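All chains should be built: construct the whole structure from the sequences, respecting the hints.
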Amino acid sequence: MKEEERSEEREGEIVRRETNERFEEKEEVSAKLKGILF
1 MKEEERSEER
11 EGEIVRRETN
21 ERFEEKEEVS
31 AKLKGILF
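Here the UniProt record's numbering is used: the first residue of the sequence shown is 1, the next is one more, and so on.
These are computed hints drawn from the structure, not numbers from a lab. Hints may be right or wrong, so weigh each one.
Label pairs and their in silico Cβ distance ranges [claimed, not checked]:
no. : residue 1 : residue 2 : range
1   : E11       : K34       : 32 to 38 Å
2   : E5        : L33       : 40 to 46 Å
3   : I14       : G35       : 27 to 33 Å
4   : L37       : E3        : 48 to 54 Å
5   : K2        : F23       : 29 to 35 Å
6   : R10       : K32       : 41 to 47 Å
Source: prediction; values computed, not measured. Where is the CB? At the ideal position from N, CA and C, for every residue including glycine.
Okay, here's the thing in C-alpha coordinates:
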(Lines of atoms letter the chains of each structure in order from A and count residues from 1; the text may use other names and numbers.)
(Lines give C-alpha, C1' and ligand atoms only; values in the text may rest on other atoms or scores of the structure.)
Protein backbone atom coordinates (compact mmCIF):
# COMPACT_ATOMS: atom_id res chain seq x y z
CA MET A 1 0.00 0.00 0.00
CA LYS A 2 1.29 3.45 -0.87
CA GLU A 3 1.71 6.10 1.80
CA GLU A 4 -0.81 8.37 0.03
CA GLU A 5 -3.49 5.69 0.05
CA ARG A 6 -2.94 5.08 3.73
CA SER A 7 -3.33 8.77 4.64
CA GLU A 8 -6.46 9.06 2.50
CA GLU A 9 -7.95 6.08 4.31
CA ARG A 10 -7.10 7.66 7.64
CA GLU A 11 -8.75 10.94 6.59
CA GLY A 12 -11.87 9.06 5.53
CA GLU A 13 -11.99 7.35 8.92
CA ILE A 14 -11.65 10.68 10.74
CA VAL A 15 -14.41 12.26 8.66
CA ARG A 16 -16.66 9.27 9.28
CA ARG A 17 -16.06 9.50 13.03
CA GLU A 18 -16.78 13.27 13.09
CA THR A 19 -19.97 12.76 11.09
CA ASN A 20 -21.07 10.05 13.50
CA GLU A 21 -20.44 12.26 16.52
CA ARG A 22 -22.36 15.13 14.95
CA PHE A 23 -25.27 12.81 14.15
CA GLU A 24 -25.34 11.49 17.73
CA GLU A 25 -25.35 15.06 19.07
CA LYS A 26 -28.33 15.92 16.84
CA GLU A 27 -30.14 12.80 18.05
CA GLU A 28 -29.52 13.80 21.67
CA VAL A 29 -30.71 17.35 21.08
CA SER A 30 -33.87 16.24 19.27
CA ALA A 31 -34.58 13.73 22.06
CA LYS A 32 -34.26 16.52 24.64
CA LEU A 33 -36.50 18.82 22.60
CA LYS A 34 -39.12 16.07 22.27
CA GLY A 35 -38.89 15.53 26.03
CA ILE A 36 -39.57 19.24 26.59
CA LEU A 37 -42.33 19.52 24.00
CA PHE A 38 -44.28 16.33 24.75
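Distance restraint hint 29 to 35 Å, applied to the beta-carbon atoms of K2 and F23: 31 Å, holds
Consistency of beta-carbon spacing, E3 to L37, with hint 48 to 54 Å: Hint holds: Cβ distance 51 Å, inside 48 to 54 Å.
CB-CB spacing for L33 and E5 relative to the 40 to 46 Å hint: Given about 42 Å between the Cβ atoms, the range holds.
Pairwise beta carbon distance, E11 to K34, judged against the given window 32 to 38 Å: 35 Å, holds
Status of the given 41 to 47 Å range, CB of K32 versus CB of R10: Given range 41 to 47 Å: violated, Cβ gap about 33 Å.
Distance restraint evaluation - I14, G35, Cβ atoms, bounds 27 to 33 Å: 32 Å, holds
Hint violations for this structure: number 6 only, all remaining hints satisfied.
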